[in-house]
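All chains, please: the whole structure from these sequences, using the hints.
Top line first, the protein sequences correspond to chains X and U.
For the first sequence, position 61 matches number 61 in my numbering, and the numbering has no gaps at all.
For the second sequence, position 366 matches number 366 in my numbering, and the numbering has no gaps at all.
Some hints could be false.
To be verified - Here are some chain X residues the structure puts well away from chain U; computed CB gaps all over 12 angstroms:
1. M1
2. D48
3. S50
4. V78
5. Y83
6. T96
7. S97
8. G110
9. E120
10. V124
11. N132
12. S174
13. M188
14. E198
15. R199
16. P207
Stated by the list, open to error - Interface residues of chain U toward chain X, partial, derived using beta-carbon atoms under 10 angstroms:
17. Q144
18. S195
19. V338
Hints listed in this document are in silico derivations from the structure and should not be mistaken for laboratory results.
Values in this document were obtained by computation on a predicted structure and should not be read as measured data.
Each residue gets a CB set at the ideal place from its N, CA and C atoms; glycine is no exception.
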Amino acid sequence: MLTIGLLYPELLGTYGDGGNALVLAERARRRRLDVEVISVGIDDDVPDASIYLLGGGEDGPQRLGADLLRRSTFPLRVRDGRYVLAVCAGLQILGTSFAVEGDDEYEGLGLVDVVTHRGERRSVGDLVVRVNERLLVGFENHGGRTTLGPGVEPFGVVERGRGNDGTVDGYTTSTVWASYAHGPVLAMNPWFADEVLERVLGRELAPLPTVADQLYEERRALLAR
Amino acid sequence: MPRGSSLRDDVAKWAVVAINSLSRLTSRGSGTVIGGRVGLALAPQLLANLAQRRQVILVSGTNGKTTTSAMIAAGWGGDVATNDTGSNMAAGLVAALAASKSRSAVLEVDESWLAHVAQATSARTITLLNLSRDQLDRANEVRQIAERWRVLLADAKETDVIANANDPLVVYAAELAASVAWCDVPTPWTTDAVSCPHCTQPLHFTEASWWCDCGFAKPSDVVTTLREGLVVRGTPLVLALKLPGAFNEANAAMALTALSLVGADMTAALARVNALTNVAGRFSLRRWRGHLLRLLLAKNPAGFAAMLVTLERDDSNVWVAINARVADGHDPSWLYDVPFEMLRGHRVFCFGDRRLDLATRLDYANVDYVVVSDDTSIPVSPGPVALLANYTAFQEWRARSSAC
Ligand SMILES: [Zn+2]
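This is how it looks when you write it as structure tokens:
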């Protein structure tokens with residue numbers, strides 16, 4: 001059974017981020033796997049799940065999201081080895097601190113040694129990131145400039161757009177993927193969705209051709225330099 | 001604030017009208033924005049001068065501006081100056097006012113422009129419909145807009161505000177205004193206001209109300225209610241709209257509240273609002289290559305959700321056209337906030353620059369879809385086909401199809 005915990009979609013779902021849960025679930029279901037998506041509301045306890053998804057949000061909701069997660073079992077579960085896919089504000093929340101309106105240093109969950117300051121200007125536009133041998137295409141819209149602590153691996157190298165700082169995007173650990181490519185990044189990058197699924201399930205999956213492959217090829221051809 | 005009209009303004013005003021006619025004649029554009037831009041460049045005070053000695057009603061909010069403005073203009077009766085083409089930033093407003101000498105004006109205003117326009121026009125009546133996410137890659141985040149509205153309205157001592165009591169962000173924006181006519185109208189989309197705008201704690205919602213533990217809550221002194229029937233400031237009115245959808249009833253309730261505040265004859269106003277059949281081409285029937293199409297504009301998740309509800313009952317084909325150009329916002333990720341699952345049972349034809357994004361969304365929703373290319377043959381339906389399009393796609397389809 002694959003359980004997907006979608007964390008606070010009302011707070012952290014500004015850019016169609018719920019799409020990532022839908023894509024993971026559908027791609028697993030079409031391979032005849034048992035899947036459950038648990039949408040975790042702000043009044044709910046964080047349940048156990050195979051993977052948690054964290055999306056983007058505006059400043060107030062981002063602060064509230066961080067506070068709720070801090071008081072929940074989420075940090076324990078992540079330290080215990082549960083997987084996390086975090087985008088945009090979610091990426092910032094997992095770090096040591098982040099900047100939001102009114103606070104230059106709001107305390108994050110401290111799960112990864114990463115600090116986000118306010119960038120000089122907002123980063124809005126198409127984002128292309130080289131992740132190992134492949135290109136990830138997406139869209140970013142955030143005001144952060146993220147610095148990785150020593151030994152923290154970036155998610156990939158920025159080929160177009162800004163990401164953390166114009167050179168690299170996000171970060172990755174053995175159980176966490178974090179990127180500024182927000183919203184339904186898994187919808188636009190079926191290969192990445194399957195990479196996440198394979199890691200969480202601990203086994204290889206057969207290819208699953210869908211119209212998303214055409215979408216990926218179209219975006220990549222258009223955006224890659 | 002407005003001064004007397006100068007020669008410079010008169011020249012600018014003439015330029016707006018002349019350039020707009022020229023633009024229409026040479027069909028270089030829709031003939032509203034370009035003239036307004038030139039006029040504004042010639043005289044920065046133009047908007048203020050054009051609005052002088054007129055009774056101005058402003059309408060703003062994420063969804064329903066164009067329809068609500070059309071309802072107010074129709075309901076008021078006679079000649080009303082209005083930007084009915086949907087050009088709702090300063091240039092479009094200048095063009096609309098320059099084109100009409102009417103003493104009554106209804107202007108739909110882009111959310112980010114409201115403070116500027118309210119000050120320039122000295123509008124005494126402002127209608128605030130709702131606030132939700134729309135084109136996030138270019139517009140400000142919705143909470144910042146609510147904050148700017150709040151600052152504007154706290155100072156607007158002589159302004160009547162008509163405000164939606166069921167939208168927490170609208171209530172936050174209007175609660176400091178001196179005079180507010182709160183409207184209790186159905187507002188299904190509150191996803192963008194789950195955390196309190198005052199204290200960021202979670203808001204609580206029930207069928208009839210909402211509140212925060214800090215005390216921020218739905219206003220209790222509502223004057224207009226749309227529940228079993230419509231009551232506008234104490235007077236029951238029988239709504240029998242020709243326009244489809246529950247969202248249009250909410251728009252009508254707010255339009256009629258605005259009209260009652262400016263002293264319109266409510267019996268006549270109600271009859272004229274009921275009789276409206278299309279708004280700037282929206283909801284209108286068009287022909288294209290032997291197909292009969294009903295053109296529906298939907299620009300964001302809340303707008304789409306409202307439209308999809310009206311399609312749920314049948315199993316007809318549905319066409320959807322999605323672009324992601326400047327006016328639409330470049331990021332179509334909002335497609336994942338639209339409950340397209342409601343279209344299961346329909347076959348959906350995907351059009352527009354971003355038809356593959358749409359098809360992918362529909363595929364994951366397990367909705368039957370066809371990606372339309374030039375050589376796709378599309379079966380002709382017996383009845384009209386609903387065509388849902390976002391902003392620039394809608395304009396394209398209006399231009400490409402012909403009137404019935
Ligand atoms: Zn509160």
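Status of the hints after comparison with the structure:
Distance check for M1/X against chain U: the nearest CB is about 20 angstroms away, which clears 12 angstroms, and the non-interface claim stands. Distance check for D48/X against chain U: the nearest CB is about 23 angstroms away, which clears 12 angstroms, and the non-interface claim stands. At roughly 19 angstroms, the least C-beta separation between S50/X and chain U is larger than 12 angstroms, which holds for a residue marked as non-interface. In this structure V78/X is separated from chain U by more than 12 angstroms, as the shortest Cβ-Cβ distance comes to about 23 angstroms.
At roughly 20 angstroms, the least C-beta separation between Y83/X and chain U is larger than 12 angstroms, which holds for a residue marked as non-interface. The beta carbon of T96/X is kept farther than 12 angstroms from every beta carbon of chain U, the shortest such distance being approximately 21 angstroms. The non-interface label for S97/X is consistent with chain U: the shortest C-beta to C-beta separation is roughly 18 angstroms, beyond 12 angstroms. With a least beta-carbon separation of about 21 angstroms from chain U, G110/X lies farther than 12 angstroms from that chain, consistent with its non-interface assignment.
At roughly 18 angstroms, the least C-beta separation between E120/X and chain U is larger than 12 angstroms, which holds for a residue marked as non-interface. Under the 12 angstroms C-beta cut-off, the non-interface status given to V124/X relative to chain U is violated; the minimum distance is some 5 angstroms. No Cβ of chain U approaches the Cβ of N132/X within 12 angstroms, the least distance being about 23 angstroms, so the stated non-interface status holds. Distance check for S174/X against chain U: the nearest CB is about 28 angstroms away, which clears 12 angstroms, and the non-interface claim stands.
With a least CB separation of 8 angstroms from chain U, M188/X falls inside the 12 angstroms interface cut-off, contrary to its annotation. With a cut of 12 angstroms on Cβ distances, E198/X stays outside the contact zone with chain U, its closest approach being about 19 angstroms. Against chain U, the non-interface label of R199/X holds: every CB pair exceeds 12 angstroms, the least being about 21 angstroms. Distance check for P207/X against chain U: the nearest CB is about 16 angstroms away, which clears 12 angstroms, and the non-interface claim stands.
Taking 10 angstroms as the C-beta cut-off, the interface hint given for Q144/U holds, the closest approach to chain X being about 8 angstroms. A hinted interface residue such as S195/U counts as satisfied when its beta carbon comes closer than 10 angstroms to some beta carbon of chain X; here the least separation is about 5 angstroms, so the hint holds. Taken as an interface hint, V338/U checks out: its beta carbon lies about 9 angstroms from the nearest beta carbon of chain X, inside 10 angstroms.
The structure fails hints 10 and 13 (numbered hints given earlier, in ascending order).
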